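First residue of the sequence shown: 1, per this note's numbering; consecutive thereafter.
Honestly, I wouldn't trust all of these hints.
Each pair of labels, with its calculated beta carbon distance range [to be verified]:
(1) Val188 / Gly327: 18 to 28 Å
(2) Ile262 / Asn230: 32 to 42 Å
(3) Leu267 / Thr181: 46 to 56 Å
(4) Thr302 / Ser110: 31 to 41 Å
(5) Pro263 / Leu180: 49 to 59 Å
(6) Asp337 / Ser211: 17 to 27 Å
(7) Ser242 / Asp126: 52 to 62 Å
(8) Asn298 / Ser242: 22 to 32 Å
(9) Arg178 / Asn298: 56 to 66 Å
Honestly, the hints are just simulated from the structure, not real lab data.
These numbers come from a predicted model, not from an experiment.
Even glycine gets a Cβ: it sits at the ideal position worked out from N, Cα and C.
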Amino acid sequence: MLIFALAACQPAESQVAELPTLAVLASFTPSATFTATDTPTATDTPTATETATSTATGTPTATGTPSATPPPTASFTPSASPTPPATDTPTPEPTSSVPRVFSFTTSATSVAGNASVTLRWATASDVTRIDEQNSSGTVLRTFSVTAVGELPVVVPGSAGRVIIYQVTAQRGGLSESRSLTITVACPVSYFFGDEFAQPYTNECPSGAAVSAQGAFQTFERGFAIYTNANGMNKLFGLETNSARYVGYLSQWNSAATLVPDIPPSGLLQPQGVFQWLYYVTGAPSGSWNTGIGWATTNLDATNRTLQYESTANPANTTPPFYIDGPGGAVFRFSGGDSGTWVRVR
Numbered sequence: 001m002l003i004f005a006l007a008a009c010q011p012a013e014s015q016v017a018e019l020p021t022l023a024v025l026a027s028f029t030p031s032a033t034f035t036a037t038d039t040p041t042a043t044d045t046p047t048a049t050e051t052a053t054s055t056a057t058g059t060p061t062a063t064g065t066p067s068a069t070p071p072p073t074a075s076f077t078p079s080a081s082p083t084p085p086a087t088d089t090p091t092p093e094p095t096s097s098v099p100r101v102f103s104f105t106t107s108a109t110s111v112a113g114n115a116s117v118t119l120r121w122a123t124a125s126d127v128t129r130i131d132e133q134n135s136s137g138t139v140l141r142t143f144s145v146t147a148v149g150e151l152p153v154v155v156p157g158s159a160g161r162v163i164i165y166q167v168t169a170q171r172g173g174l175s176e177s178r179s180l181t182i183t184v185a186c187p188v189s190y191f192f193g194d195e196f197a198q199p200y201t202n203e204c205p206s207g208a209a210v211s212a213q214g215a216f217q218t219f220e221r222g223f224a225i226y227t228n229a230n231g232m233n234k235l236f237g238l239e240t241n242s243a244r245y246v247g248y249l250s251q252w253n254s255a256a257t258l259v260p261d262i263p264p265s266g267l268l269q270p271q272g273v274f275q276w277l278y279y280v281t282g283a284p285s286g287s288w289n290t291g292i293g294w295a296t297t298n299l300d301a302t303n304r305t306l307q308y309e310s311t312a313n314p315a316n317t318t319p320p321f322y323i324d325g326p327g328g329a330v331f332r333f334s335g336g337d338s339g340t341w342v343r344v345r
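With these hints in hand, go ahead and build the complete structure from the sequences.
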């Protein structure tokens, strides 16, 4: 029984020995790993490079961020430039039942005489005009213009130191005006300084000053002046209290003998040409002795300087004029042979 059992065990071992040949088949399975080396086809991981390409396409989506440049919305701000509505303010003008002057400007406010400036205006009106005026408001020229526009004008050089332009808008029987002032630089200056003339006049001198034979004497309450500038040959007596003067064509004869009164101590008689003025003519307030009193200085026989303003005072036949005195004194006469005077320097 044991032998049989052993014998039975041995064939079983020989059968087991044949199994290694089956193990050869197992060695085939390694060659199957060769087919597994077909996994190099797994080097189709280049398909992974497709993901790279997809990331490249992803960057285009980054270019999508440029589309995020809706700073075009910044171009929205132009719509925020409702500054046009500011120009909309004129839109009420057509519907306005009353005239309006919105603006009135000039390209220059100080120019030489006969220079050109450009006037600009904006109004709401049916009828619009621009008046050119001198300093006293006298209209020199009138321009009929449109409601909105600009106009080049030549500023007159002989109408004074100040020219005024006034725009007037009219509608429905109503009117509204606005003015601007242009200062004119005079072609000729006053011999004593423009700054001393300006408080008293807006006029330019009519021409250069003239210096000629003259005389001057100071009195208790006034002055006596003689000048032969421009062949004037005039004597002027000036009262301080009344601020009035009177002038005479000189008829003094140095050979004539006058019998003057004797002045009080410390005072003097009128001298030279002023004797004729004092004893033969009349003062604005009566006698010269009453009007200006006695002389306080001797006669000054230096030349006197004369200069006229450019525009005549309507009340006089001649424009205002200036005559100097000793020591830089300057007197302004209102014009003509009688009127008022003021010391300007």
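Hints, verified against the model:
no. : hint                        : in the structure
1   : Val188 / Gly327: 18 to 28 Å : holds, 24 Å
2   : Ile262 / Asn230: 32 to 42 Å : holds, 37 Å
3   : Leu267 / Thr181: 46 to 56 Å : holds, 50 Å
4   : Thr302 / Ser110: 31 to 41 Å : holds, 37 Å
5   : Pro263 / Leu180: 49 to 59 Å : holds, 57 Å
6   : Asp337 / Ser211: 17 to 27 Å : holds, 22 Å
7   : Ser242 / Asp126: 52 to 62 Å : holds, 54 Å
8   : Asn298 / Ser242: 22 to 32 Å : holds, 25 Å
9   : Arg178 / Asn298: 56 to 66 Å : holds, 58 Å
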